[in-house]
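Throw the hints in and build the complete structure from the sequences for me.
Protein chains in written order, with the working numbering: chain W, 1 to 249; chain A, 1 to 259; chain F, 1 to 290.
Incorrect hints may appear among the rest.
[To be verified] Pairs of lysine-lysine residues, derived as DSSO-like cross-links and limited to a Cα-Cα distance of at most 27 angstroms, are as follows:
hint	chain 1	residue 1	chain 2	residue 2
1	W	K95	A	K13
2	W	K135	W	K178
3	W	K23	A	K255
4	F	K42	A	K196
[Said to hold, decoys possible] Stretch-level coverage of chain W by chain A, calculated; a stretch enters the list once three of its residues show a Cβ under 8 angstroms from a Cβ in chain A:
hint	region
5	58-64
6	87-98
7	107-119
Because the hints were derived from the structure by calculation, they are not lab data.
Don't be surprised by glycine CBs; every beta carbon is placed ideally from N, CA and C.
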Amino acid sequence: MDAIVELKNLRVEYRAPERGQGKKVAVKDLNLRVGAGEVFGFLGPNGAGKTTTMNVLLGFVNATSGAAYLFGVDVRQPISRQRIGYLPELTYYYKFLTAEELLRFYAKVFGIPRATAETRIERLLKLVELEQARKRPIRTYSKGMQQRVGLAQALINDPDLLILDEPTSGLDPLGRMKVREIIQRLKNEGKTVFFSSHELGEVETVCDRVAIIAQGELKVEGAVGELVTAHRANLEQIFLKLVGYTGAL
Amino acid sequence: MNTVMALAGIVIKELYRRKDFYVVFVLTAVMTLLLGSVNFFHDDKIVRYLKDVCLLLIWVSALVIAIVTSARQLPMERESRTIFPLLAKPVTRAQVIVGKFFGCWFAVGLGLLVFYFFFAVLAGSRDHRWPLAEYIQALWLQWSMLAMVIAGVLLGSLVFAAPSSNSTISFVVVAGILLLGRHLNQVALQQPEPLKTLVYVLYFVIPHLEWYDIRDRVSFDQALVPWADCGLATLYAAVYVAFLLFAAWLVFRRKPLNQ
Amino acid sequence: MKRPAPALVLIALATVSVSLGTVCERRVGQWSRRNQSDSVLKVLLGDGRRLFANHFFVMADVYFHSGYYPSVFDRRTGAEVDRRHLSGQEQEGEDGHDHEKEMSFLGRPKDWIESFGRHFMITEHTHLSGGGEREILPWLKLSAELDPQQVDTYTVAAFWLRNHLGKVQEAEQFLREGLRANPDSDQILFALGQLYYENYQDVDRARNVWELALRRWHEAESRNGKPEPFSREQITINLARLEEKAGNYQRAIAHLQEARLLSPAPAALDRQIDELRQKLRARPEAAQGK
Chain W
1 MDAIVELKNL
11 RVEYRAPERG
21 QGKKVAVKDL
31 NLRVGAGEVF
41 GFLGPNGAGK
51 TTTMNVLLGF
61 VNATSGAAYL
71 FGVDVRQPIS
81 RQRIGYLPEL
91 TYYYKFLTAE
101 ELLRFYAKVF
111 GIPRATAETR
121 IERLLKLVEL
131 EQARKRPIRT
141 YSKGMQQRVG
151 LAQALINDPD
161 LLILDEPTSG
171 LDPLGRMKVR
181 EIIQRLKNEG
191 KTVFFSSHEL
201 GEVETVCDRV
211 AIIAQGELKV
221 EGAVGELVTA
231 HRANLEQIFL
241 KLVGYTGAL
Chain A
1 MNTVMALAGI
11 VIKELYRRKD
21 FYVVFVLTAV
31 MTLLLGSVNF
41 FHDDKIVRYL
51 KDVCLLLIWV
61 SALVIAIVTS
71 ARQLPMERES
81 RTIFPLLAKP
91 VTRAQVIVGK
101 FFGCWFAVGL
111 GLLVFYFFFA
121 VLAGSRDHRW
131 PLAEYIQALW
141 LQWSMLAMVI
151 AGVLLGSLVF
161 AAPSSNSTIS
171 FVVVAGILLL
181 GRHLNQVALQ
191 QPEPLKTLVY
201 VLYFVIPHLE
211 WYDIRDRVSF
221 DQALVPWADC
231 GLATLYAAVY
241 VAFLLFAAWL
251 VFRRKPLNQ
Chain F
1 MKRPAPALVL
11 IALATVSVSL
21 GTVCERRVGQ
31 WSRRNQSDSV
41 LKVLLGDGRR
51 LFANHFFVMA
61 DVYFHSGYYP
71 SVFDRRTGAE
81 VDRRHLSGQE
91 QEGEDGHDHE
101 KEMSFLGRPK
111 DWIESFGRHF
121 MITEHTHLSG
131 GGEREILPWL
141 KLSAELDPQQ
151 VDTYTVAAFW
161 LRNHLGKVQE
171 AEQFLREGLR
181 ANPDSDQILF
191 ALGQLYYENY
201 QDVDRARNVW
211 ELALRRWHEA
221 ESRNGKPEPF
231 SREQITINLA
241 RLEEKAGNYQ
251 RAIAHLQEAR
261 LLSPAPAALD
271 RQIDELRQKL
281 RARPEAAQGK
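Rendered as C-alpha cells:
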C-alpha cells in the first residue's frame, strides 16, 4: 500500500528558550506510515510532539533530520500540500473577510476554476450550515461558527488527505456529531484522515489505526481493535499506561 | 500568479475595510478645502500654494498608508496566526512576500488615484486647466517610489520586533532620504576621512527616493520629465524592489512562524 | 437621601464652570500677553512663529523663482540669495548680473546620481511675471500674520500688489496693517507714500507721508536705532523728485542735500543739485517755494 503520509526517522530539535538549557528534542526519530483511505488517530499528552509533527508535515517547521512525505512528495515542496486540507485547532482566519470570501480566496490559492469554486462553496456552506451567515464578516461569528468555517476551508480543494488538529475542540455535541459524520463520509469516499485528538472515545469510534506518542517518541502504533485486544483495556487505559500514568490498569 | 494575486486581493480588501484610508483622505480634503477658502488680497486666481499644500498632504498621507499598511502585514499574519492555514496550502513563503507587496502596492495605488483625482478637480476648479499628462507622471513616479518604501518596510517587518518600531524607523529613513538624499554627496565632500567615504558609500547605496518627488514641477507648471528618464527611474525602482523583496524572503524563509 | 439625576449634576457643573470662567477671564488676561493674540497660529507657535515667518518669506522667494532655489546645503557652500530682487529694488546691469551669478548655484553634477536627479528637478532660473506674481502673496500674508514686526513683508507685498497686479487698494490696506503693527516704520511709510504718489497721484498726501517717514527715520537715529541709511536716501530723493515736479526747487535742493550726506554716489546728486539751482536761477519766483 502506498503511504499517503510517511515519516522516516523524523527528528526535530529546537533551542530551549531558557539560557543554558541547550537543545530540546521535540520529536525523536519518529517513523510512521498512513495508508490511503485510513482514518488515523495521532494521540499523545500535551507536549508530546504531536503539534510539532503536524507542523513538519504542513511545512511550518523544518526537520532537524529525517524526512517526511505527503503522497510521496517531500513536505518541503509546496506542491505536497496541493491535495491536503488542514483544520487547525484554534480558528485563525481573516476576521475582516466573510465566509464566502475566505473560501473564494483559498479556492483561488488552489487554482480551482471559478465556476467549480462557486459550486463547491455553495455545497460546503450548506454542509457546515453557514448559509445564513455567509455574507457576515468572520469576526462576528461565534466560536462554533468559526470552527465550521475552518472545516469548510479545509475541504475547499476536495482534499485526498485531511489533517485535523483537535477537530471537535470547542464544539457542542451536535457539532461533534457533524464532524464525525464528515470524517465517516470522507472515509467512504476513499479519503485519508489524519487527526489528533484528546477525545479518546471519539478516536476509538472513528479511527482505523492510531499512534500514541509521548515525549517525542512513538510508544505504540496499530489498529484500534488489535491494541484493545492485546492490552485487554480500552484505548484510554492503554493511553494512560503508555504515557506513564501508573494508576491506569 | 493566482496565489500572489489572491494574497494581494486580501490586502486590498483589508485596506478599504479599515478606516485608515478614509480618515487620511478626509483630513487631506478638509485641510486643503479650508486653505482654499482663505482669501488672499481678493485674488481668486492664486492656486500654486494650494496645489503645493495639497500635494504635500497627498505625499504625507500616501506614505502613512503605505508604511503603516506594510508594517503590519506579516506581523499580523503571525500574531493572528492566519499564516498557518495559509502556508498549509501550496503557498511558498516567497509567494506570501510577493503577494503582500503587490497587495500593499495596489492598495496604495488605488488610494493615490483617489487623491490625485481630488487634486485634479481642486486645481482645475481654480486654474481652469487640466494638465493630465503631468498629473499622471507625478502619480506614476510617486507610486514607483512607494513600491520601494513598501518593499523596505516589508523587510523591516521581518527584522524589527514590532510594527510600531518598524513604522517609526521607516518614516525617519524615508523622510531623511527625501530631504537629504540629494545633498549627501555635498555633505560628504565637507567631511574628513573616513567619514567622507562612509557618507559617500551611503549616498550611492540608498535608494534615491527624492528623484520621484516632482511636486515642484507640478505646482510650478514646469514641463514634463522626459518619459525616457521616467522609464529609467521606474527600472531603478524595480531593481531596488526586487533586491529588498529578495532580502525579505531570505529572512522570512528561516524565521520560525511561532513568536 | 435621594440621589440627584446625573443630568442635573452635569448641568450644575457646567453652570459653575461657565460662571467661573467669566469671573476669572479678566484676571487671567493679566497673567500673560498670550490672550492678546488674535491669531491661532501665534498662540500655537509661540515665539517660534518668527522662524516660520522667515521661512514663509523665503517660500515667497522660492515661488518667485518658480521653485528654482538654493537649498540649505547650497547656501552652506556659498550660494546666498539677495532678497532685494523680490522687493523690486534690483536694478539692471551690475545687480542683475550679480543675481544671475548667485542663482547659478547648481554647478556641474558631481556624479551620475546627481546628474540623473537633475532631470527631475527644476533647474531653470526664471522670475514670475505677467500676473504670475500673485502666487507669492499667500506666503507673504502668512509671514506677516506670524511676524508682524517684519517690515519687509509688507513693503514687498505692496510693491507687487500695486505695480504688477493692479491691486492698489489691497496694497494700501496691507501697508496700513503693517503700520498698525509697526507705527515707527519709515520703510512702510515710504512705501505708502509711493503708493499715494504713483498710483493715486495724490502729491500732498505723498509728501505728508514721506515727511513723516523722514521724521521717523531721524527719531530712530536719535534713539540709536541704527536705521537703514538707504531708506533715508530713498525718502529724501523721492521727496526731491516730488518737489521738483511741483516746482518747489528750493525744497527739492534741501532734500537732495540731505540725501548726499549718506549717499554712496554723491557726485550724481551734486549734478542734480546744480541742475535744480540753474532752474531756480532761471525762475526766481520758484525760490519762494510755491
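Right, here's what the structure says about each hint:
| no. | hint | result |
| --- | --- | --- |
| 1 | W:K95 x A:K13 | 11 angstroms, holds |
| 2 | W:K135 x W:K178 | 22 angstroms, holds |
| 3 | W:K23 x A:K255 | 18 angstroms, holds |
| 4 | F:K42 x A:K196 | 42 angstroms, violated |
| 5 | 58-64 | holds (count 4) |
| 6 | 87-98 | holds (count 8) |
| 7 | 107-119 | holds (count 4) |
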